[in-house]
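*Asks:* One letter stands for each residue in the lines below.
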Amino acid sequence: MAVEATQTRPRPLLCGDAAERDAAGNVVLVGGRCADCGARAFPRSPVCTGCMSENIVAERLPRRGTLYAFSSVHIAPKKWKKPMRIGYVDLEGDVRVFTHLAGGEFSIGDEVEVDIGAVGEDEAGPIECFVFKRVPK
Amino acid sequence: MNGVSVVGVGMIPFGKYPEVNIVDLGWPAVKAALKDAGIDGKRIEAVYSGTSRGGAMTGQRIMGRLGLAGLPIVNVENACSSSSSAMAQAVLAVGSGAYDVVLVIGVEKLSKYGGGTLPMDEDDWEIGLGLTMPALYAMRASRYIHDYGLTLEQLAGVSVKNRKNGALNPDAQMKKPVTIEEVLASRMVSEPFTLLQCCPTGDGAAAIVLASDKVAKQIRQDAVRVRASHLTSGRFMTGFRDMTSPEITVRGAKETFEEAGLGPEDIDVAEVHDAFSIAELLYYEAFGFCPRGEAPHMLTSGATSLGGRIPVNPSGGLLAKGHPVGATGAAQIVEIVRQLRGEAGARQVEGARVGLTHATGGGISGFDHGACSIHIFQR
Ligand SMILES: [Zn+2]
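Going line by line, the protein sequences match chains A and B. Position 35 (the first sequence) corresponds to 35 in our numbering; numbering is contiguous. Here our numbering = 1-based position in the second sequence + 1000.
This is chain A alone, in the form it adopts within the complex (with noise of 0.2 angstroms):
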């Protein structure tokens, strides 16, 4: 039974929990916020990197950001899409995160925003995880 109820329900995103949708149905990404320091980390973590306190409190982070840099990777483990964009985008809180890129040209400074796609494949299908997309200027 247990079985067959995993086998329905939609895979998992390959980054877990640290995506959800907002009550607009948007993707946001969930970090973590220490709740003794202030201190921010995406993904989150069980402990803060600024004062050791276990008391960390999930908090959904900005839509959008700046790419500060990227590549276009074409030799990669098989399952991911190639060419794989991938790069780092800065969210405002000082959280870098490490991410692919979905759809189009991209260029440094771009101003882009959280969604989610496809960014590979394996035997169990496609793999899904948060991607940032270029805004339109």
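Careful: at least some of the hints might be erroneous.
Unchecked claim - Below, simulated SDA-like cross-link-like pairs (lysine to any residue); rule was C-alpha separation at most 20 angstroms, straight line:
#1 A:Lys-78 to B:Lys-1016
#2 A:Lys-78 to B:Gly-1128
#3 A:Lys-82 to A:Arg-134
#4 B:Lys-1016 to B:Thr-1117
#5 A:Lys-82 to B:Gly-1095
#6 B:Lys-1031 to B:Ala-1069
What the hints assert, rightly or not - Not close to chain A: a few residues of chain B, all C-beta gaps over 12 angstroms, as computed:
#7 Met-1001
#8 Gly-1070
#9 Glu-1077
#10 Asp-1100
#11 Gly-1115
#12 Arg-1140
#13 Leu-1168
#14 Arg-1241
#15 Val-1250
#16 Ser-1301
#17 Gln-1348
Unchecked claim - Short, incomplete list of chain B residues facing chain A, as computed with Cβ under 10 angstroms:
#18 Ala-1093
#19 Val-1189
#20 Ser-1190
Just so you know, the hints here were simulated from the structure itself, not pulled from any lab data. Glycine is no exception: its CB is placed at the ideal position from the N, C-alpha and C atoms.
Starting from the known structure of chain A, arrange chain B with the ligand on it as the hints suggest.
*Replies:* Frame of chain A; chain B with the ligand shown alone:
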């Protein structure tokens, strides 16, 4: 700290040895280093053996093969800095007075993985999401191009210089010189890197015999002194990080120069961690060999070529000599010791007195690199 000197070095030519197991890669390098030192293996009091992918007890297996086990042997894993980290431990051990003669080994066999990018630990957040080592360095390059106007031709020039040096090194894995056109026309790996801007994977081993200054004088007249031996880890950062200025090497360089009482202007020859073309340029600046943003000019001016002001990677570096991860740091030291003893043949840096080695690596989320070990040597 007591003074520490290098009294013997040895290595096997880097390359692909799919039929040879890691133990049989390692022992010839040890035997060569002992022969170079001209001492009996029984004089070794402790061993520090670095490998990243070699598996458990690699040092014991190699020393056992030579009939030299039965002494303290420490195995060190620190990714690309494994054997340079082993060296740092060995220098501490001799410097503290605990031992007079110790051995450092660096050994790796990557041909067991076949081709392609080196498999990484998918438990790491960014690796699990798809980050590869070429992609990480490629992002540094993309940002450097954006910030400082580096051209693709200049970037390719790093490979051209190092392959030219490698052609003069009998121990190099890649001995064929290449042109800028060939570099740019090779297969795209991770933009802007083509294949010839990525270090090859391969196998190799290198070994170093260290002695206290007191004993070194009895072993040989031209022992090379260790002026500074430094090891650090990267700082974990969850937010902004300037990817054109790797903090681990900038901080490591500053502390190493302080320890040596020297500055970048005192270095005659350097072996730096050019895993990908951009890396060598970033390290010119991190070590202060030139100001920020001027590395492309420093390269194209010929200052870092053989015959220039400060030749960098005369061995061919990781790009041409090869990068059997855990063996790299020890092999850099072999090269610098040979340079300082005037034994580097066609790639000899004339009159080199002070040399530097730099091995850094370990691609893990939140760090520029996991580890960085820098050494300065003087003849
Ligand atoms: Zn805290």
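*Asks:* Run every hint past the structure and note whether it holds.
*Replies:* Against the structure, the hints:
1. A:Lys-78 to B:Lys-1016: violated (24 angstroms)
2. A:Lys-78 to B:Gly-1128: holds (13 angstroms)
3. A:Lys-82 to A:Arg-134: holds (19 angstroms)
4. B:Lys-1016 to B:Thr-1117: Since the Cα atoms of B:Lys-1016 and B:Thr-1117 sit roughly 15 angstroms apart, the hinted pair holds (cutoff 20 angstroms).
5. A:Lys-82 to B:Gly-1095: Violated. A:Lys-82 to B:Gly-1095 sits at ~51 angstroms, over the 20 angstroms cutoff.
6. B:Lys-1031 to B:Ala-1069: With Cα atoms ~14 angstroms apart, B:Lys-1031 and B:Ala-1069 stay inside 20 angstroms; holds.
7. Met-1001: Label holds. Min Cβ-Cβ 33 angstroms, cutoff 12 angstroms.
8. Gly-1070: About 42 angstroms separates B:Gly-1070 from the closest Cβ of chain A, which puts it past 12 angstroms; holds.
9. Glu-1077: Given a closest Cβ separation of 23 angstroms, the condition holds.
10. Asp-1100: For B:Asp-1100, whose nearest Cβ neighbour in chain A is about 42 angstroms away, the distance exceeds 12 angstroms, so it holds.
11. Gly-1115: violated (10 angstroms)
12. Arg-1140: At roughly 7 angstroms from the nearest Cβ of chain A, B:Arg-1140 sits no farther out than 12 angstroms, so the non-interface label is violated.
13. Leu-1168: holds (29 angstroms)
14. Arg-1241: violated (7 angstroms)
15. Val-1250: holds (18 angstroms)
16. Ser-1301: Consistent with the label, B:Ser-1301 stays out of reach of chain A, its closest Cβ about 27 angstroms off (over 12 angstroms).
17. Gln-1348: Holds, since 37 angstroms exceeds 12 angstroms.
18. Ala-1093: violated (32 angstroms)
19. Val-1189: holds (5 angstroms)
20. Ser-1190: Hint on B:Ser-1190: holds, closest Cβ of chain A at ~5 angstroms, below 10 angstroms.
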